[in-house]
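Chemist: Start from the sequences and build out the full structure, keeping to the hints where you can.
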Amino acid sequence: MTTGPDAPLAPGRCMALLRSVPTGRLVYTEGALPAVHPVTFAAPNGEIIVPTGDDGWFERFDGRLLAFHAEQLEAPVRTGWSVVAIGRARLVRGTDGLRGFDGAHGVPWGIGTEDALLVIDVEHISGRRATLPWWPGACS
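Heads up: the sequence shown at position 11 corresponds to 16 in our numbering, and the numbers run straight through without jumps.
Worth flagging that the hints you see were computed from the coordinates, not collected in a lab.
Quick reminder that beta carbons are idealized off the backbone N, C-alpha and C, glycines included.
Misleading hints may appear alongside valid ones.
[Claimed, not checked] Distance windows between CB atoms, simulated: (1) 98 to 12: 12 to 22 Å; (2) 32 to 58: 18 to 28 Å; (3) 24 to 62: 21 to 31 Å; (4) 84 to 15: 12 to 22 Å.
Modeler: Following this line, the structure appears as structure tokens:
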């Protein structure tokens, strides 16, 4: 694998990086156009779990293929990472049967046993280290 400031990241490293941030973006199509929606999430073990708060808006994604994006960029040094995961989504109630929400890890939110969650079963994940260019006249 290539190393360097813009090198691709191994899948295991991508999942670890997702676990290091609390927010990301659902990427989907709406009316044949790309759309993005920011969400809180957890990525315990090969799944991306989004609490829906019983918001019916999320029902549209049950059974659909979604992309999910998260990143962390440090503005002062203009470096960081970006990860994209793709997988089929499903709506579930509670955390029974979800990988990674057992034992000491527990649930990262105060959800009840019957609260709705959107689960994306990650089928493909990729990421890159990111180095943003400095533009002449940019604030530092």
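Chemist: Please go over all the hints and tell whether each is borne out by the structure.
Modeler: Hints and how they fare:
{"no.": "1", "hint": "98 to 12: 12 to 22 Å", "result": "violated, 40 Å"}
{"no.": "2", "hint": "32 to 58: 18 to 28 Å", "result": "holds, 20 Å"}
{"no.": "3", "hint": "24 to 62: 21 to 31 Å", "result": "holds, 25 Å"}
{"no.": "4", "hint": "84 to 15: 12 to 22 Å", "result": "holds, 18 Å"}
Consistency note: the structure conflicts with earlier hint 1 alone.
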